[in-house]
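Participant: Starting from two chains that each stand alone, build the complex the way the hints lay out.
Single-letter residue listing:
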Amino acid sequence: MALPGRPPACDLCGQDAVFLDRVRGCHLCGDHFLRDMEGRVRHTLWEYRLLRPGERIAVALSGGKDSTVLLHLLRKFLPVPGTVTLTAITVDEGIAGYRDATQRVAREMAARLGVEHRIVSFSDLAGSTLDAMVAAGGEHPCTLCGVHRRKALQETAMALGATAVATGHNLNDEAQTVVMNCLRGDLHGFTRSPVRCSAPSPRFASRIPVREPADGGLRRIKPLFRIPEKEVALYGMLTGIFHDLPECPYAGTALRSEARRMVDRLEYLRPGTLGRIVRGQEELATLCRGIPEKPGKDGDPRGRPSTVT
Amino acid sequence: MKIRLQDGTARTYDGGAARVWEVLLALDENPAGVIVSRNGRVIPEDTVLGRDDEIRVIRVSHGG
Chain A
1 MALPGRPPAC DLCGQDAVFL DRVRGCHLCG DHFLRDMEGR VRHTLWEYRL
51 LRPGERIAVA LSGGKDSTVL LHLLRKFLPV PGTVTLTAIT VDEGIAGYRD
101 ATQRVAREMA ARLGVEHRIV SFSDLAGSTL DAMVAAGGEH PCTLCGVHRR
151 KALQETAMAL GATAVATGHN LNDEAQTVVM NCLRGDLHGF TRSPVRCSAP
201 SPRFASRIPV REPADGGLRR IKPLFRIPEK EVALYGMLTG IFHDLPECPY
251 AGTALRSEAR RMVDRLEYLR PGTLGRIVRG QEELATLCRG IPEKPGKDGD
301 PRGRPSTVT
Chain B
1001 MKIRLQDGTA RTYDGGAARV WEVLLALDEN PAGVIVSRNG RVIPEDTVLG
1051 RDDEIRVIRV SHGG
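Going line by line, the protein sequences match chains A and B. Residue numbering for the first sequence is 1 to 309, as defined by my numbering. Residue numbering for the second sequence is 1001 to 1064, as defined by my numbering.
Isolated chain B (complex conformation) (with noise of 0.2 Å):
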């Protein structure tokens, strides 16, 4: 599964079907903080995602 981060990276999860929360805590980004789309379309971080699947993770947390 490809990850797309904010900053224009992309990250691998090798661990096969997962929920989205769980691929989040696997690269240390706390679910309440972020908001993630598949295809263009955001998806709730109880989605089912599958081993082929590409997400875009978008944090939310700015500020000073």
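Bound conformation, chain A alone (with noise of 0.2 Å):
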């Protein structure tokens, strides 16, 4: 074993490396790391074409690193200025001890970049907050967020003449969402497409597959899919925008937390897992094309954008 000290060697530079990316085998120095993933995350812009000129973005904005990160990028990447316009979206759900931070980081946030941004309650869309609903009894805290959640995003971004919601989502959620599928036996739900694009770039279009909105409503975009959530944290901590924040109260008891676990672990053993899970399910989701959508939970077509992150 090497002696204790310094951390190994930015393979690039030489510098003190920050992160050792164990997919590729490499080290990388804070000022590489965030290069790096900068140039992956405008890859995914590009190859699904994200951005259109002339188009509203709704960032689905909670507070979280994921959702903090995602609008610092977006407004960084924007291709010029004042051609694409993002506003952000906060949703509280009113869950008391939980949002009230997170909320505060949001309102932060886009204030500091100069973004516009709603806040819109559960209280005033849905007449309760999630806590009420909860102490009513019924449904799993996580599905009636999740309903609500999204209807208030689809409701609030229409409102403001988007065309798109783009949502945190990285790939850790999205190798458990294909977990979780697996574990539901939801077919339609495996073979749906992570990415919404009508119009992939030429060079991809033959493998990627093209999903319009259901409902010919807002495309889903995810910039993140493909960052772990390691390397999301990270971005955040190394550009000075990740805050320690409390976790969901209700989160310990979701189908997502063991699905979580499962996937994380297998990360460690076998690194790369995450990402094979998600290509498969692309594969799969070319493969399927053609199959039509499964209304969702409250009846509306799956044009809706996916949770907050």
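A couple of the hints might just be wrong.
[Stated by the list, open to error] Okay, the calculated bits of chain B under chain A, using three or more residues with CB under 8 Å as the criterion:
id, stretch
1, 1029-1039
2, 1042-1050
3, 1053-1060
[Unchecked claim] Label-pair ranges, simulated between beta-carbon atoms:
id, chain 1, residue 1, chain 2, residue 2, range
4, B, 1005, A, 265, 12 to 22 Å
5, A, 265, B, 1052, 30 to 40 Å
6, A, 23, B, 1012, 26 to 36 Å
7, B, 1004, A, 112, 40 to 50 Å
8, B, 1014, A, 114, 49 to 59 Å
These are calculated hints, taken from the structure and not from any lab test. Heads up, the beta-carbon is just placed ideally off N, CA and C, and yes, glycines get one too.
Facilitator: Take a look at the structure:
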């Protein structure tokens, strides 16, 4: 074993590394890590043509690390200032002791980046907080939250004239969703593309599943869907926008928590597992192109954006 | 070696010099789900720690 002391050196410049990429087998210093991750996100935006001139993009901004990093990167990558407009939307579910802190971060982040910001609440839209809905019994908190949050995002984005909703889902989220769909036996979910785009870059058109929103409504875009959660967090820490926030009190009992533990463990034991799960699902979605979408739980087609991260 | 966790508690590792990932596994933490810093600087999980080092462990996996 090496002697205790300095961390390993960056493979590109020899400075102290901050990150070991176990999939590619290399060390990166802070500067090279930031450049590398920004390059990968920029490539996803280009490959799927996620930002289009003249559009208004509604960015789901919970204030957590993923959505904060997403807003920061989208603001940074706007093709030409003014050609794409960003509006951040924060949904206040009404979860005591949790949402106040993240909402404060969301407000500060939007102001810092000069992005228009709207806050909408379950109380205003559904007449009740999530805490009150849970107390009344019935559905699992995450199911209730997901349905109302999608609705809040969709309605607010459409009222603002947005054509797409960007969410901060990362590679771990996507891999967890694939595993959850398997566990539920949800074939439609399993064959659904992780990214919706109507016109992928011609170079990739043959292998990227093309999915327009079923109701002709909002596109859902996930620019971070190829970035592991740890790297999103590291990016946030290195750029000074990471905040140590409380965890949602309802998260522990969700199926997603089980899926998270499963895929995180597999990723550690077999680096690259997350990427393989999502790539496999993308290929399957391509093969299953043309299968009609199943209506969502609330009866609407699956054109609605998923939950905020 | 002293390990500071996110919830404000501290643990100790008495196994002598060790790589970050070895310390994390001893604490039952998945190295793929945490970021570790030493003296305020983030370090990769294969950094060798000395017995007098103090590290901070930040869990990155959250949500519902």
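Participant: Are the hints correct? Go through all of them and say.
Facilitator: Now for the hints, and whether the structure bears them out:
1. 1029-1039: holds (count 6)
2. 1042-1050: holds (count 9)
3. 1053-1060: holds (count 3)
4. B:1005 <-> A:265: 12 to 22 Å: holds, 20 Å
5. A:265 <-> B:1052: 30 to 40 Å: The hinted range 30 to 40 Å holds for residue 265 of chain A and residue 1052 of chain B, with Cβ atoms some 31 Å apart.
6. A:23 <-> B:1012: 26 to 36 Å: Holds - the Cβ-Cβ distance for residue 23 of chain A and residue 1012 of chain B, about 32 Å, lies within 26 to 36 Å.
7. B:1004 <-> A:112: 40 to 50 Å: At roughly 28 Å between Cβ atoms, residue 112 of chain A and residue 1004 of chain B fall outside 40 to 50 Å, so the hint is violated.
8. B:1014 <-> A:114: 49 to 59 Å: holds, 51 Å
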